[in-house]
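Asker: Protein chains in written order, with my numbering: chain A, 5 to 425; chain B, -3 to 495.
Heads up, some of the hints might be wrong.
[Claimed, not checked] Here are the simulated distance ranges between beta carbons:
#, chain 1, residue 1, chain 2, residue 2, range
1, B, 372, A, 96, 38 to 46 angstroms
2, B, 67, A, 9, 51 to 59 angstroms
3, A, 74, B, 479, 23 to 31 angstroms
4, A, 392, B, 383, 53 to 61 angstroms
5, B, 476, A, 74, 31 to 39 angstroms
6, A, 100, B, 383, 48 to 56 angstroms
7, B, 387, A, 392, 56 to 64 angstroms
8, B, 315, A, 249, 32 to 40 angstroms
9, A, 394, B, 418, 40 to 48 angstroms
10, A, 9, B, 373, 36 to 44 angstroms
11, A, 226, B, 476, 19 to 27 angstroms
12, A, 96, B, 232, 44 to 52 angstroms
13, B, 383, A, 395, 54 to 62 angstroms
14, B, 458, A, 156, 17 to 25 angstroms
[To be verified] The calculated PhoX-like cross-link candidates involving lysine-lysine, where the alpha carbons are at most 25 angstroms apart (straight line), are:
#, chain 1, residue 1, chain 2, residue 2
15, A, 99, A, 271
16, A, 226, B, 205
17, B, 218, B, 272
18, A, 288, A, 425
19, A, 226, B, 463
20, B, 39, A, 226
21, A, 252, B, 463
Since the hints were made in silico from the structure, they are not lab data. Quick caveat: nothing in here was measured; it's all calculated off a predicted structure. Each residue gets a CB set at the ideal place from its N, CA and C atoms; glycine is no exception.
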Amino acid sequence: MKKLSYDLVIIGGGPAGLSAALEAKNNGIEKILICERGSHLGGILEQCIHNGFGLQYFKEELTGPEYAERFISKVRETDIDIKLDTMVIDILDDKKVVAVNGTDGLFEIDTKAVILAMGCRERTREALTIPGDRPSGVMSAGTAQRYVNVEGFMPGKEVVILGSGDIGLIMARRLTLEGANVKGVLEIMPYSTGLIRNKVQCLDDFNIPLLLNHTVTIVHGKERLEGITIAEVDKHLKAIQGTEQYIKCDTLLLSVGLVPENELSKKIGIEFDPVTKGAMVNEKRRTNVPWVFACGNVLHVHDLVDNVTAEGEIAGKAVADYINNKLKAREKRITVSHDNNIGYVVPQAIEFNDVDEKNVKLYMRVRQPDNNVRLVVKDDKGKVIGDFKKEIVAPGSMIMLTIPTKLILCNINAINVSIMK
Amino acid sequence: MKTDILIIGGGVIGATIAHQLSKYNLEITLVEKESDICMGSSKANSSMIHDGYNVDSHKLKGKLVLEANPYFEQLCSDLYVQYTKNIGSIVVGFEDEDMKVMKEQLENGNKNGIKGLRIIGRDELLELEPYINPKVKFGLLNLNTGIINPFELTVALAENAVINGVKVLLETEVQDIIVKDKKVEAVKTSKGLIQAKVVINAAGLYADKIASMVENIDFEIKPRKGQYFLYDKKWGYLVKHVIYSAPSKVSKGMIILPTTEGNILGGSNAQVIDDKEDLATTYEGFEEIYKHTISHIFPELPRMGDVITSFSGLRAAATSEDFIIEYAKTVEGFINVAGIQSPGLSSSPAIASMVEDLVRGLNYNLNFDQKTNYRKDRPKPVILRDLPYEERSQLIKENPDYGVIICRCETVSKGEIIDAIHRPIPATNMDAIKRRTRAGMGRCQGGFCGPRVLDILKQELNILPLKVTKKGKGSYILDSYSKGLTFPKGGENHEKIKL
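Generate coordinates for the entire structure from the input sequences, incorporating the hints supplied.
Answerer: Here it is, written out as structure tokens:
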């Protein structure tokens, strides 16, 4: 088995891995390797040919491939090594990574640190255990996106989309533009779970109906999908008898949520957040395993790629400091908790006494939509260290709160984020 | 076309019979109406090898399962099939009254000559199954119960038959059977007429339909549907043995067990239905298997989220509730192998021997000389994820496609998928690839690898992408080319056009 040696191995060459690699390079890390299981850098952006990327980061509107290209070309200008079509199959406790591809075969990499940037996967029909037949024509929205945008095929003509996640909304518009009849988008919750702008630009502008409080209760079709039975749901998300209706369609796309791809990370004893399904990290995106960092959708599913890039940069800078022995631990670990309508907060802890950073950024999502609320950050003595007004909060959009580092440096043990009216 | 023996049906029974008879200098043809073998009851069942401790040995199915059990170890080793022989089973009792059933089963097992059966107390049970509902009171332990991958076994048997000269015709549906002078003469299929001296009806759910093509019959196959949940491998640690719930009024013979690949399988209810194509799962079925069995016995297993697939299987039960393995009553040269429900998979080697005896008993002057070049194995499939790193490295050196991972969840390489397409029984659609290689069988259910497997199928079969199916006729994956790629009329020649 071939053996290689690097200072830093980044698993995943999507937006998180690319920005982390660049930032680590800019901070003096010499030997960096990106392992990417796909045939291209850029990850899922390759198939996201719609616009709307980069408004925050570049202050201009780009398509997914354009956004990715800005980072790919920068990476290509450096001496960062890239291995494509390369699957990491193991991470070992003694700072080794095992990977495989067709040219190197199976190989082992000695490293000083690892950044997890594997992204996420789509939840499937089975994650909801939708009963019925098992015909072709039922697929995840992302798979359909790949077929249409990369491979050049249409999955069907008469389409229903289950779930108002962003990929579902984007695909409703995309398939309509390609000539399919998108009959509607069903959402089991009483609100759309994607970005508001996507609902407006992808459904409203194309007169595609969004049926809230609805789900698919039966899939019909022995060979190819022939139709679905849909029903309204009650507040416990159970189908209400008598509301069932049959919808003829040949394609059902599922956009029912994303799950971080953390199977690899589980092999080295990383602690996970049960809500995000990603690692528990501190503000440097370091996990409980000191040489392993995580960023992007493998850590928590982001709404905008701009936020993924920002997180990759945090991890890239931190990993460089770690390798250069410049990460100073605080004496105390400050835990970050949350309550009522806050679903999660990343980071889950603040640990480093870093004078370079003026602020600590807290990223979070709410469980339920709400209007005119205040997000209040308190320390464990009850002192308010941040109070932010928000007109609208929705599960589909991440919220970022900036807390001055000096307020956290005081002698506190914990901070808590809550929502107040 | 002419053949000595025509086997109708490519399930585990048809495949085992083909495997058994392929030892001899006979011309054998197997016809299967689906796009692959193992498409009916054989692919959706509890994937267990029973030793027969709880069967009625006076019934044919009881006699055969007891006879068959000792053969599996050698068979699976010859054919490179994963078989966990002694995983063991425990019937678990939560009520005092369950003891009565267990004692009956224990006694029955002893009578059937099964060794080592015993009733165990709560403490021992909790030691053997640390994650079981602690309300459990006692159990009946049987260390002779095994688990197997039923499609791997069926494919292996059929592949072995093929390399020993059996012709397997897929997508070949029997339309009629021609009988002349009270003797079978030929079988009319969707691919043409096949003359045969002996016809063996191993048509599973349709065995009654096939049998009635030659004579009036006195049995009927009444499908009994059972639903299953298959859990993510991350729960694999939870269940150590095959766990039966004690038969009660609410549930009968429900089970939870580990699979040979490390998933957890839970099921199955029993619903008598009319439609033999009705493989739909139902909400009520899910609730039944989850509430009464899965959550009751292993409370940690979730209802949703980590169920990576759910499916139904149909038990091909005859009205007599026993196997029917006999000559047609009024027509010569026709053998029924019908009503093969549980424990059909576990009885299959003995069923095949019995069928061999029936074929010999016809005294048709068939050539039963052993083939001189008979092979008892099959080409060994390369499964990289099971191999030590050094061995994998070596294989990738020889064939770089083994280093290109297509299915991330199950770590399946491009080389393994290409192999599956070119094996003795070729995998020609997405589900066939899945059953052989596990590509698409993991937690993302083909979300990532689907388009890539489709691409490999198109390439290797030299067909248009639009012709690739999920599971044969009608189940196409793609509808058309997108507008971005517009072609002149006849644009189906996708590959030939330079953009």
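Asker: If a hint holds in the structure, say so; if it does not, say that too.
Answerer: Hints, one by one, checked against the model:
no., hint, in the structure
1, B:372 x A:96: 38 to 46 angstroms, "holds (40 angstroms)"
2, B:67 x A:9: 51 to 59 angstroms, "holds (52 angstroms)"
3, A:74 x B:479: 23 to 31 angstroms, "holds (28 angstroms)"
4, A:392 x B:383: 53 to 61 angstroms, "holds (55 angstroms)"
5, B:476 x A:74: 31 to 39 angstroms, "holds (34 angstroms)"
6, A:100 x B:383: 48 to 56 angstroms, "violated (19 angstroms)"
7, B:387 x A:392: 56 to 64 angstroms, "holds (58 angstroms)"
8, B:315 x A:249: 32 to 40 angstroms, "holds (38 angstroms)"
9, A:394 x B:418: 40 to 48 angstroms, "violated (59 angstroms)"
10, A:9 x B:373: 36 to 44 angstroms, "holds (43 angstroms)"
11, A:226 x B:476: 19 to 27 angstroms, "holds (22 angstroms)"
12, A:96 x B:232: 44 to 52 angstroms, "violated (21 angstroms)"
13, B:383 x A:395: 54 to 62 angstroms, "holds (58 angstroms)"
14, B:458 x A:156: 17 to 25 angstroms, "holds (19 angstroms)"
15, A:99 x A:271, "holds (12 angstroms)"
16, A:226 x B:205, "holds (20 angstroms)"
17, B:218 x B:272, "holds (8 angstroms)"
18, A:288 x A:425, "violated (31 angstroms)"
19, A:226 x B:463, "holds (17 angstroms)"
20, B:39 x A:226, "holds (16 angstroms)"
21, A:252 x B:463, "holds (23 angstroms)"
In summary, the numbered hints that this structure violates are 6, 9, 12, 18.
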